[in-house]
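Novice: Chain by chain, the residues:
There are 2 protein chains.
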Amino acid sequence: MNKLIEEKIKFNGKRLKVIEKTYENSEGKLYKRECVEPGDSALVMPINEKNEAIFIKQLREVIGKVELEFPAGIVDKDEKPEDAAKRELEEETGIVANSIEHLITVYPSCGYTNEKVHIFVAKDFSKGKVNLDEDEEILEIEKIPLDKCFELAKENYFEQATLNLAILMYYFKYIKK
Amino acid sequence: MNKLIEEKIKFNGKRLKVIEKTYENSEGKLYKRECVEPGDSALVMPINEKNEAIFIKQLREVIGKVELEFPAGIVDKDEKPEDAAKRELEEETGIVANSIEHLITVYPSCGYTNEKVHIFVAKDFSKGKVNLDEDEEILEIEKIPLDKCFELAKENYFEQATLNLAILMYYFKYIKK
Chain A
1 MNKLIEEKIK
11 FNGKRLKVIE
21 KTYENSEGKL
31 YKRECVEPGD
41 SALVMPINEK
51 NEAIFIKQLR
61 EVIGKVELEF
71 PAGIVDKDEK
81 PEDAAKRELE
91 EETGIVANSI
101 EHLITVYPSC
111 GYTNEKVHIF
121 VAKDFSKGKV
131 NLDEDEEILE
141 IEKIPLDKCF
151 ELAKENYFEQ
161 ATLNLAILMY
171 YFKYIKK
Chain B
1 MNKLIEEKIK
11 FNGKRLKVIE
21 KTYENSEGKL
31 YKRECVEPGD
41 SALVMPINEK
51 NEAIFIKQLR
61 EVIGKVELEF
71 PAGIVDKDEK
81 PEDAAKRELE
91 EETGIVANSI
101 EHLITVYPSC
111 GYTNEKVHIF
121 VAKDFSKGKV
131 NLDEDEEILE
141 IEKIPLDKCF
151 ELAKENYFEQ
161 ATLNLAILMY
171 YFKYIKK
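Residue numbers (this note's numbering), protein chains in the order written: chain A, 1 to 177; chain B, 1 to 177.
Watch out, some of these pointers could steer you wrong.
Claimed, not checked - Between beta-carbon pairs, the in silico distance windows are:
hint: 1; chain 1: A; residue 1: Glu79; chain 2: B; residue 2: Pro145; range: 24 to 30 Å
hint: 2; chain 1: A; residue 1: Lys65; chain 2: B; residue 2: Asn12; range: 22 to 28 Å
hint: 3; chain 1: A; residue 1: Lys148; chain 2: B; residue 2: Pro145; range: 29 to 35 Å
hint: 4; chain 1: A; residue 1: Leu132; chain 2: B; residue 2: Glu151; range: 36 to 42 Å
hint: 5; chain 1: B; residue 1: Glu151; chain 2: A; residue 2: Glu79; range: 28 to 34 Å
hint: 6; chain 1: A; residue 1: Asn51; chain 2: B; residue 2: Pro145; range: 44 to 50 Å
hint: 7; chain 1: A; residue 1: Glu101; chain 2: B; residue 2: Glu151; range: 38 to 44 Å
hint: 8; chain 1: A; residue 1: Glu79; chain 2: B; residue 2: Lys177; range: 40 to 46 Å
hint: 9; chain 1: B; residue 1: Val130; chain 2: A; residue 2: Tyr31; range: 16 to 22 Å
hint: 10; chain 1: A; residue 1: Gly13; chain 2: B; residue 2: Glu134; range: 28 to 34 Å
hint: 11; chain 1: B; residue 1: Glu136; chain 2: A; residue 2: Asp124; range: 45 to 51 Å
To be verified - Chain B residues, not near chain A, derived (Cβ > 10 Å throughout):
hint: 12; residue: Glu6
hint: 13; residue: Glu49
hint: 14; residue: Lys50
hint: 15; residue: Lys77
hint: 16; residue: Glu115
hint: 17; residue: Lys143
hint: 18; residue: Asp147
What the hints assert, rightly or not - Here are the simulated BS3-like cross-link-like pairs (lysine-lysine), alpha carbons at most 25 Å apart as the crow flies:
hint: 19; chain 1: A; residue 1: Lys65; chain 2: B; residue 2: Lys3
hint: 20; chain 1: B; residue 1: Lys17; chain 2: A; residue 2: Lys10
hint: 21; chain 1: A; residue 1: Lys154; chain 2: B; residue 2: Lys176
Just so you know, the hints here were simulated from the structure itself, not pulled from any lab data.
Please read all numbers here as calculations on a predicted model, not as lab measurements.
Each residue gets a CB set at the ideal place from its N, CA and C atoms; glycine is no exception.
Turn these sequences into a full structure, and let the hints steer you where they fit.
Specialist: Below, the structure is given as structure tokens:
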């Protein structure tokens with residue numbers, strides 16, 4: 001590992017922090033990396049008793065689109081990723097999951113951000129209470145049968161890396177013989 | 001779509017730009033989003049004539065680890081994503097791909113970055129020339145048989161979202177009956 005020489009906070013926002021880090025390589029040469037620190041997040045693929053996946057529709061200003069998504073959010077300090085997944089699921093959809101299993105944990109873009117996303121599958125629902133964050137708006141809830149989800153993922157219908165990964169990992173872990 | 005009211009550049013670095021955008025919702029309420037703009041990228045899963053996937057090992061300072069990766073990099077202005085994929089493959093491994101096919105295009109983390117990643121599979125190799133970017137260092141090249149890649153992906157051995165997605169999408173498109 002190259003040696004970290006200096007860290008400068010370049011932006012300290014509400015959601016993001018950007019740090020410019022200077023490293024020294026084995027030949028003594030200095031170079032910089034720009035690092036975004038948004039915190040880790042948890043994403044959950046909810047599957048109901050009819051074998052349908054539950055999606056939410058949310059406005060994503062950053063890409064200028066309404067996106068079909070799985071419930072997700074930031075893992076709070078001292079919170080376990082699976083508890084964050086259950087919490088976000090209830091806050092965004094009103095679903096309490098009595099069963100939650102880990103599918104995969106990944107870095108979405110480790111060239112410039114240290115964010116880690118923990119992906120879960122949730123089943124066995126009971127009724128909870130929706131409680132959205134300030135400035136958060138769920139436009140709609142949509143249900144898609146699992147078999148249809150696999151087809152749609154293959155056709156690049158879904159646009160998010162971690163959502164596609166949740167669907168394909170579910171297939172690999174629970175359907176593939 | 002909510003109305004964009006104001007954009008402020010908060011950080012303008014070598015790799016990243018961070019813009020704070022203010023929006024107005026349908027009720028006239030103002031709110032902000034922090035948007036990272038790193039440019040789009042292309043990632044390529046190279047498969048040789050022995051049905052082995054070719055990985056590179058690269059130091060990722062931002063997460064403090066040496067990562068097993070597929071060749072990838074930023075799509076230049078006016079460059080087609082598939083040309084970027086071929087270019088990065090040759091620059092990082094010296095492999096020229098005579099066949100390249102699109103697997104999937106995804107947003108890695110559309111809550112705070114507009115980056116889009118175009119994922120390809122490359123086959124039918126001939127010999128080209130390694131040409132690394134300044135401050136880029138490929139530590140090692142590793143070959144893993146495809147069947148083993150599917151197993152390892154299922155076990156969460158690989159840590160990157162888009163790398164896992166490349167492997168699972170390849171399975172879905174070309175192996176799954």
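Novice: The structure should be examined with respect to each hint, and the outcome stated for every one.
Specialist: Hints, one by one, checked against the model:
1. A/Glu79 with B/Pro145: 24 to 30 Å: Once the Cβ atoms are compared, 39 Å apart, the range 24 to 30 Å for B/Pro145 and A/Glu79 is violated.
2. A/Lys65 with B/Asn12: 22 to 28 Å: Given about 25 Å between the Cβ atoms, the range holds.
3. A/Lys148 with B/Pro145: 29 to 35 Å: holds, 32 Å
4. A/Leu132 with B/Glu151: 36 to 42 Å: holds, 40 Å
5. B/Glu151 with A/Glu79: 28 to 34 Å: Distance hint for B/Glu151, A/Glu79 holds at roughly 32 Å.
6. A/Asn51 with B/Pro145: 44 to 50 Å: violated, 33 Å
7. A/Glu101 with B/Glu151: 38 to 44 Å: violated, 19 Å
8. A/Glu79 with B/Lys177: 40 to 46 Å: Taking Cβ atoms as reference, A/Glu79 and B/Lys177 lie about 42 Å apart, which means the hint holds.
9. B/Val130 with A/Tyr31: 16 to 22 Å: Between B/Val130 and A/Tyr31, where Cβ atoms are some 19 Å apart, the hint holds.
10. A/Gly13 with B/Glu134: 28 to 34 Å: Cβ of A/Gly13 to Cβ of B/Glu134: about 29 Å, so the range 28 to 34 Å holds.
11. B/Glu136 with A/Asp124: 45 to 51 Å: holds, 47 Å
12. Glu6: Fine: 13 Å to the nearest Cβ keeps B/Glu6 off the interface.
13. Glu49: holds, 25 Å
14. Lys50: holds, 23 Å
15. Lys77: holds, 18 Å
16. Glu115: With a cut-off of 10 Å, B/Glu115 comes too close to chain A, as the shortest Cβ separation is near 6 Å.
17. Lys143: Nearest chain A Cβ is 22 Å from B/Lys143, so the label holds.
18. Asp147: Since the minimum Cβ distance to chain A is about 13 Å, B/Asp147 lies beyond 10 Å and the statement holds.
19. A/Lys65 with B/Lys3: holds, 12 Å
20. B/Lys17 with A/Lys10: Holds, because 11 Å separates the two Cα atoms, which is no more than 25 Å.
21. A/Lys154 with B/Lys176: holds, 11 Å
Checked against the numbered hints above, the structure breaks hints 1, 6, 7 and 16 and satisfies the rest.
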